[in-house]
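Student: One letter stands for each residue in the lines below.
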Amino acid sequence: MSTTAAVGTAPVRAPKLKTSAMIASFADPGQKTAPAPFGHALAAAAEADPRIVGLTADLGKYTDMHVFAEAHPDRFFQMGMAEQLLFGAAAGMAEAGLVPFASTYSVFAARRAYDFICLDIAEPNLNVNIVGGLPGLTTGYGPSHQATEDMAIFRGMPNLTIVDPCDSVDIEQAVPQLAASEGPTYLRLLRGKVPTVLDEYGYTFELGKAKVLRGGRDVVFVSSGLMTMRALAAAKALEKHKVDVAVVHTPTIKPFDEETVLAELAGDRLAVTLENHTVVGGLFETVAGALVRSGQSRRVVPIGLPDEFLDAGALPTLHEKYGLSVDRIVAKVLAELG
Amino acid sequence: MTTPTLEPRTAASPAQRRAAVEAAAHRIRRHALFMGEVQGQGYVGQALGAADILAAVYADQLRFRPEDPEWDGRDRFLLSTGHYAIGLYAALAEAGTIPVGELETYGSDGSRLPMSGMATYTPGMEISGGSLGHGLTIAVGLALGLRHRGNPARVFNFLSDGELDEGSTWEAAMGASHHRLGRLTAIVDINALQADGPTEGVLRTEPVADKWAACGWRVFRVDGNDVGALLEAFDAAGSGADGTEDGDGAPAVVLCDTRVGRGVPLLETREKAHFMRIEEHEWALCNEQLDAGWAAKNEEGNA
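Chains A and B are the protein sequences, given in the same order. Take the first sequence: its letters are residues 1 to 338, numbered as in UniProt numbering. Take the second sequence: its letters are residues 1 to 303, numbered as in UniProt numbering.
To be clear, the hints were calculated from the coordinates, so they are not data collected in a lab. Fair warning: there could be bad hints in the mix.
[To be verified] Cut-off 25 Å, straight-line C-alpha distance, at most; resulting in silico cross-link-like pairs (SDA-like, lysine to any residue):
#1 A:K193 with A:A34
#2 B:K211 with A:E336
#3 A:K61 with B:R180
#4 A:K254 with A:D244
#5 A:K61 with B:M174
Looking at chain A on its own, in the form it has when it is part of the complex:
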């Protein structure tokens, strides 16, 4: 975790982080990473499936789509900074028998092009794969680029599968499964040098499945996206406090693997959800809804972004401020356990 210089834990003379870059890495210093896993996975999937094409709205370089474009220039279509066209055209290409992957930032897909995704893609249940960069709090650029409510927006859309991957392993394995699945999908893209974490857990991505990454007697974390990486780190840190934590990774947000998650929540361990998303309408409420529907009544502690427009700034600073850092997770769990 690169939170050593962050607010609250910083040594007095530590330099203040200055970068509020559009594209910021959330990898820890020295962490194993894979470059542009989405672009490479899509290029590889396209070798096997001639129906796959790639589209973007002037963000090919920033969604790793450029890797696909270089590998398959005749199958890449630049639509310009026009997100309504991007998704309408993706629907048309699917109608023509192709399997499009269309990339932009999550904010533009969810907020700006919603009507086109909903009516042109989801209603006819077309195999269009929406790829959204900068999901949740993965940029320091402020609310214009921070898709803090993308899952809340998309969860209400019938037919749409929502995937929130943790790392390069998830992304590499998800891409061919997204292409193979019949209806539309939304992938919360992690781009650039993406951490490789799940290879240490004997893990494989299965669309629609949650996986128990580690068991634990005292606490159960239910997490998705990059927060699974944080959950695993926090679980390790909590060992030093004699707290034994289980981690359940739920990369598919919809349809949600209620069976696996409810089974893990059946006991009396402290239950915590962790998501890189507002606590409104995302993983926490998905889990809460599943619990209530099944007749289980129990407390769940949500760790996620507040129901606010967030600050601009450096990512480590913001993750510390809004509670996504490992230190904040550990502190929260210890406080809950009293």
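Let chain A serve as the given structure and place chain B on it in line with the hints.
Tutor: Positioned in the frame of chain A, the structure of chain B alone reads:
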């Protein structure tokens, strides 16, 4: 994936083609009035205004197989304006894609012919329109996808002048031009009328032709109720596309100035309204006027 080939058009003379299309337009108008009467309401005015365009497309321009609406080699006709579905159902009945007898179910529970056109309900309905400004974006992707697959089918998008208010229409106009989608033809029904009143007072769209030309389109502007002019424009729009080996040319737009209620003087002269009210006793009069006009036109032609 198979690669369909173009089927040659019939070698009929211009006069024969025109006569066939005008007869089809008349039947489309009769079908539309029938559906309007069944429901007691509907966008009959728009259907009558667009009947000549729909007839030119379905009776002359479009390659399709009525018994196989999903045939991969078909030209695609995308109806953006879901509320014009009454007109398209009339055209699909004329084309033989849906039985004429089914028109009486228009707008009824369980019907394949809902009031707003939806692809999942109706054979021959390519997209679900209704949320305006979508059709041309889908058409761009369809034309790109078909060309990518080596399928020479043409793509038509029928849109209303009201849809020119939508920014997405212009995103698509730029995209089609940029990608040189020569086999794409947009058809704009300029009836100069929108939900809140005349287009001029809602959001001025003129000069319409200049706007499309500035976006890099081949522009044709015709009287959309003149079948001869429509066929010339569609031929020109199509020949530019078919003239190139891979459909790699400028897209074409046919701007059609039409009159709401065309063919039924009672409705043509009625105060212009987006959703036209027609009293129960007026339907018979509408049919009489339509048939009288058609008979007079034929006598004139035979004289």
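Student: Determine for every hint whether it applies to the structure shown.
Tutor: Now for the hints, and whether the structure bears them out:
{"no.": "1", "hint": "A:K193 with A:A34", "in the structure": "holds (5 Å)"}
{"no.": "2", "hint": "B:K211 with A:E336", "in the structure": "violated (63 Å)"}
{"no.": "3", "hint": "A:K61 with B:R180", "in the structure": "holds (24 Å)"}
{"no.": "4", "hint": "A:K254 with A:D244", "in the structure": "violated (29 Å)"}
{"no.": "5", "hint": "A:K61 with B:M174", "in the structure": "holds (22 Å)"}
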